[in-house]
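Protein sequences, first through last, are from chains A and B. Counting in this note's numbering, the final residue of the first sequence is number 1142, and the numbers go up one at a time with none missing. Counting in this note's numbering, the final residue of the second sequence is number 628, and the numbers go up one at a time with none missing.
These aren't lab readings, by the way, just hints derived from the structure by calculation. Keep in mind it's a predicted model, so treat the numbers as computed, not measured. Certain hints may be false.
[To be verified] Derived DEER-like restraints, expressed as beta-carbon distance ranges: (1) Pro608(A) to Asp144(B): 34 to 42 Å; (2) Ile160(B) to Ser652(A): 33 to 41 Å; (3) Arg339(B) to Thr930(A): 51 to 59 Å; (4) Gln934(A) to Ile160(B): 39 to 47 Å; (5) Ala793(A) to Asp144(B): 23 to 31 Å; (6) Ser1008(A) to Arg448(B): 17 to 25 Å; (7) Pro447(B) to Ser919(A): 28 to 36 Å; (8) Gln759(A) to Pro380(B): 53 to 61 Å; (9) Thr930(A) to Arg173(B): 33 to 41 Å; (10) Glu846(A) to Glu163(B): 21 to 29 Å; (11) Gln934(A) to Arg448(B): 49 to 57 Å; (12) Pro447(B) to Ala974(A): 46 to 54 Å.
[As the list claims (entries may be wrong)] A partial selection of chain B residues facing chain A, derived with a Cβ cut-off under 7 Å: (13) Gln85; (14) Pro153; (15) Val154; (16) Leu227; (17) Leu231; (18) Glu607.
Ideal Cβ placement from N, Cα and C applies to all residues, glycine included.
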Amino acid sequence: MSLIRALSKELEARSDNSLRALFAARPDLISPMAPDFAALAARASARVSVQRALERLNKPEMQVLETLHLCTNADTGHSISAAGLKKVIAGSTLSALDPILAKLQELALIHRAEPPAGSPVTSSRQRFYLPVGSLKDVIGIYPAGLGRSYTELVRLQPAFAQRVVHLVAELHQSGAGIHPASTPMDAALALQRWTSTPDNLRAILATAPERTIGLLDKFGSWAMGAVPQAQRRASVTHESHDVGPIDWLLARGLLVPLDAGHVELPHSVGLALRGGAIVDDFTLAPPVPELGHTSAALRRNAAMGAIAEILRLTGELLFAVREQPLATLRSGGVGVRELRRLAESIRLGAHETAVLLELCAMAGLLRLDVDSSTWVQPPSLEWLNLPRQEQWLWLVNAWLASERAPSLVGQPLTGPTGSAAHQGAAGTTINALSAEAQRPDAPVVRRRILEILHELTVEAAAPDGKAPVLDARAVLQRAEWAQPRMSRRFSSLVRGILEEATLLGLIGSGALTQLGTAIAAAQPEQAMTILGEHLPAAVNHILLQADLTAVAPGYLAPELSETLLLMADAEGQGPASIYRFSAATIRRALDAGQDAESLLAFLREHSATEVPQPLAYLVQDTASRHGRLRVGTSASFIQSDDETAITDLLLEARTSSLSLVRIAPTVLTSSASPRETARVLRELGLSPAVQEAEPAVVRFKRTTAVPGSARPVYTAPRTAPPDDDVEAQLSVLRQHRGVPAEAAGEASTQLGLETLQTAIRLKQAVTMNVVDSLGNSNTETVVPVSVSGGRVRVFDPAKDTERVLSIHRIIDVEPAGELRS
Amino acid sequence: MTDGPLIVQSDKTILLEVDHELATEARHAIAAFAELERAPEHMHSYRLTPLGLWNARAAGLDAEQVLDTLLKYSRFPVPHALLIDIEETMSRYGRLRLEKDAQHGLVMRTDDYPVLEEVIRAKKIAPLLGPRIDGETVVVHSSQRGQLKQLLLKLGWPAEDLAGYVDGQPHLIMLDESGWQLRPYQKLATENFWAGGSGVVVLPCGAGKTLVGAAAMATSSTTTLILVTNTVSARQWKDELLKRTSLTEDEIGEYSGAVKEVRPVTIATYQVLTTKRGGLYPHLELVDGHDWGLIIYDEVHLLPAPIFRMTADLQARRRLGLTATLVREDGREGEVFSLIGPKRYDAPWKDIEAQGYIAPADCVEVRVDLPRDERVAYAMADDADKYRLCATSETKTKLVEELVAVHKGEQLLVIGQYIDQLDEIAERLDAPLIKGETTVKARQKLFDAFRKGEIHTLVVSKVANFSIDLPEASVAIQVSGSFGSRQEEAQRLGRLLRPKQDGRAARFYSLVARDTLDQDFAAKRQRFLAEQGYAYRIMDAKDVGKDVGQEQ
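Input sequences plus hints: build the corresponding full structure.
What follows is the structure in structure tokens.
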């Protein structure tokens, strides 16, 4: 019976609760709703869905599943029971295996099956299992990290097949206990027998050069390894005394070359190395990392310091961007030079600035203005006026939900598969706010990392007043155990995420903080309460000093700091802000329309101390000399040496349309054009000489509407579907109860594929109904060779050729044998 | 968080709020490991540097104490990265130790095997080392002790020198404390120095560094070599030693350009030691040819490079450095640390002032307007001439006369850079002028007369900058200065900082031409002086009489 049909039947027989559990664990199965159990079974067997399901399994579960996959064969109906698995999983017990098998079955990754033919009667009371069909594709060619068998390698590696007979013959001559063979397949079987038990292998390795065992250990978790010149000639008969371990192993066929740079450890050798068990490190308990401790006081100090700092820096960055928007590159993102400019203006390192910039952008505090291709701060940004703890939460929520990985900025740019064609030019790095720092799985990984941090913190149960220090290594180790199939994604992101969490005060002094715990437990209100208690209040006074500085002893209220930044430059970096006055900065304030009195009044009002005499002198002195040259706009001017004529013109009623202004005894300006002015003057009976000048180019500042920014609302990445959906799905499925599970709709495609794959494995012919490009359907009998990318390669025995067919043109496929019978 | 007086910044500075009730306590606590950088009226700022932290380690402080101090007095959370950095930096000091081994002589020893492996692989260090004794010990050529320490510091692994010192030739020296007494901080400085073996004592100008030197000599009671900046300063040392110790005229020798005496206590100038003839230092023999028990370096911040090289070979002798500031314009603080030794004592400047040992100074910048013709000349001048033109404006001369009239009867110095200008001023004031060509003898005579109050006004050129005592000068007028060097400014003010008998504040005028380069340099000077905690005012030339008139 087809595996999908078997699964479909099993699903149908399940209780509603069991189905609910399945849907909760694999929400993709019911999105969109499945019409019947056949479709559900087909989806559950689909490659992508299985892949997702495997990502959520932990290490022992994966080990059991992979072992089960290795020990069964759906084509021959060879299933396995918990007792069978126990024999090949060292250190396992039935009581450990049963719940795991039950879970795997509930997840529809394995299903109950008949005991294999010829098994003893006692086994009829045991439960036997088979994996779902597509598991083989998802797990890959090295299940449980074990290599392929010699026979398979002979079949797939022509180079090895050519050599293997000679290799076995040489081994035989050198006195090894191996039978010579005449065909590659026989030679492969001989090698398999020769290496089949741990005792045999130990005997073989007894004469191995030193370092051989160490080398083989490296193949412990993965059967393939990189070796230079893997296809070198290694022979037992010409072996010198100081032979290297790789030569030694290659000469005995204990490593099989795959290509010029890789070798594989064959299945039987790997198995013997593991003492005959498929899994030799089975344990239900997660590894407990050795963790250092930090004091709770230090942890809080670090977290609160970090939070005050990030909020202050965010404010500074926004101010800098308001002063000058950030230009983008044509290829997207903010270039290195622009980033450096920004870093300089907020006095921070380039990397830190990039991370901060990314944070601001993900929080919507900066927006890309499409018209000018610059990053700007949206007008009327709500964030700026929020209490600081809410500002913090805004940032944290945005960070949790963001699909960007800020820490990737500045790292070398590599193509998606590392292929040379996709690799950027040498030295190209990922730019801030560019598409290359996008990581769609970042929110899921972030959440998992926070959960892991939480778990580890709780488990560590640090003594009073202490908190465990968690590093990337500990997190990765746990991730490796909890979700081995996901851990590769973790490894590239975890360091960056920990760094960002430290910036946001979720981690302090290396330990998860109270705030981090609250966020990990999805209790933002609690975090806000804690923060509200500990964040020092904003100060609203400054200290003025004779060295022309103003020091704000703490976080300065934003409206004050903004005014101050107009008349002084910020200096230094830290909780207190220092502002330095100079003639240039005072001039800047004067340019902005302030005068000496208003500046001094502002300083007097907000200074806790007297305004020092040198500062007052500086302000007054600069102001008194400000505006010695004046610049204004006018469209034309009237100049005459005759002062009375000028006065007359000013008093003349008919010149009112020119809106004349006297800027000197002998000069008038007008807002009308020279031609217009001359016309009016001529009408008055005067004869002005018009000086031609370049027309002034007037630029109007463009006002662009940038959309406002909404407060980010973070909802944890969905792990389970809503209850309503589950119930609706159940009722749909149950309505079909009793209706025979026809191979209809979406299930049929999976069924067809399954038929094809079975046929490929068994090298059987199938009969398929294919529609050609004109819409005519033909029935033909062919032997499928492979399926991939929506196409199937078939061998047509009638024409003795190979062809490629699109799967969507195949209406129907059945094993040719069934047709005949 | 506590409501402490410190704010620890993430850029490695520490701000201290002076008016806070715990300010004094906190100041003492952090002085051990942080360098005071700026001391304006309300917020002092200290800087954390590797050298400062290593100084603290050398004084026996460990990282935990430093962190505790910061956390205890800080008002806000202390940036965590900074805490880690402090811990890391401090842990580097003393991982390598120079020790005396009974069998092998001078050795470098470590408890941290990889560090030793790292340093002996450094290209420049390998030739200084002898054979390896075991995993943790390596022989050091004893002649290379100084150079090794210097290179190790550059690598970031400063060595702790525990190899001890030669005794030197004994010679009894005692302090003669009749009519005066060693001040408590001077005593403490001497004790700290002696306990540490070698090192630098930092005291502000006028706080009595010479006496610390004398006390150290008395403690050591060995033959002593004193290195000073110039001849005048050498004479002052001699006078002071005669007055304050049991030493007699015959026991003190001067070794300078003019005289070459070698006595149990010999005072030599940097200049004579660094004179080079035919590629050799002919007077080097003075330093290494005698069995000195103590070497004193006056004004360490001015030590010339050749002296450093000589000092490298003197690591087995006790060395005492005296200075007002560890900041060197050439950034060679590291060499002072590795060759002379870590800081052994640093008196917070404010404390000594508060104890009444040095007088506060009142700095006034007077802005003069250049007359129209000078302005035009200035505007059209070459860049090279601009400063001279504005600094020597004739309006300044008139202003000096006015100021002298206002301060009639007070001891007054006029300081300048340009001889022409000084000549003219001296002539108009009818006051004596001391310049480069004035003989040492004539200088001494004039200084004596000034000290005794026989003359009230003295015009001096740059030569007055270093190490001359003018105890009763209460007013100084600077008419031109050389390009706003911080060092020079501190020195000039140092002249006036000597305590006045009636406790009056000294007054320091600098005359500045408005809207010129002069004003730009003055801005630097203002910043530096205000950062040093001097009261600073700016006024216009036309207001000069009024202001002082009101006060008097």
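- [ ] Could you say whether the range 39 to 47 Å given as a hint is met by the Cβ separation of Gln934(A) and Ile160(B)?
- [x] holds, 43 Å
- [ ] Could you say whether the range 53 to 61 Å given as a hint is met by the Cβ separation of Gln759(A) and Pro380(B)?
- [x] With Cβ atoms ~60 Å apart, the hint holds.
- [ ] Note whether the CB distance of Ile160(B) and Ser652(A) lies within 33 to 41 Å or breaks it.
- [x] holds, 37 Å
Open item on the list: Hint Pro153(B) vs chain A: min CB-CB distance below 7 Å?
Closed with: Holds - the Cβ of Pro153(B) comes within 7 Å of chain A, reaching about 3 Å at its closest.
Open item on the list: So, as I understand it, the hint says Gln85(B) touches chain A; can you test that by seeing if any CB pair is closer than 7 Å?
Closed with: Given a least distance of 3 Å, the restraint on Gln85(B) holds.
Task: 49 to 57 Å as the expected CB spacing between Arg448(B) and Gln934(A), which holds or is violated - done: violated, 29 Å
- [ ] With respect to the beta-carbon atoms only, verify the hint that Pro447(B) and Ser919(A) lie 28 to 36 Å apart.
- [x] holds, 34 Å
Open item on the list: The hint says 21 to 29 Å between Glu846(A) and Glu163(B); measuring C-beta to C-beta, is that right?
Closed with: At 36 Å between Cβs, range violated.
Task: Pro447(B) versus Ala974(A) beta-carbon gap, inside 46 to 54 Å or not - done: 49 Å Cβ-Cβ, so the 46 to 54 Å window holds.
Task: Assessment of proposed distance window 33 to 41 Å (beta carbons of Thr930(A), Arg173(B)) - done: violated, 49 Å
Open item on the list: Quick check on a hinted range of 34 to 42 Å for Pro608(A) and Asp144(B), using CB atoms only.
Closed with: holds, 36 Å
Open item on the list: Please check whether Leu227(B) passes as an interface residue: C-beta within 7 Å of a C-beta belonging to chain A.
Closed with: Interface hint status for Leu227(B): violated (29 Å vs cutoff 7 Å).
In terms of the numbered hints stated before, the structure departs from hints 6, 9, 10, 11, 16 and 17, listed from lowest to highest.
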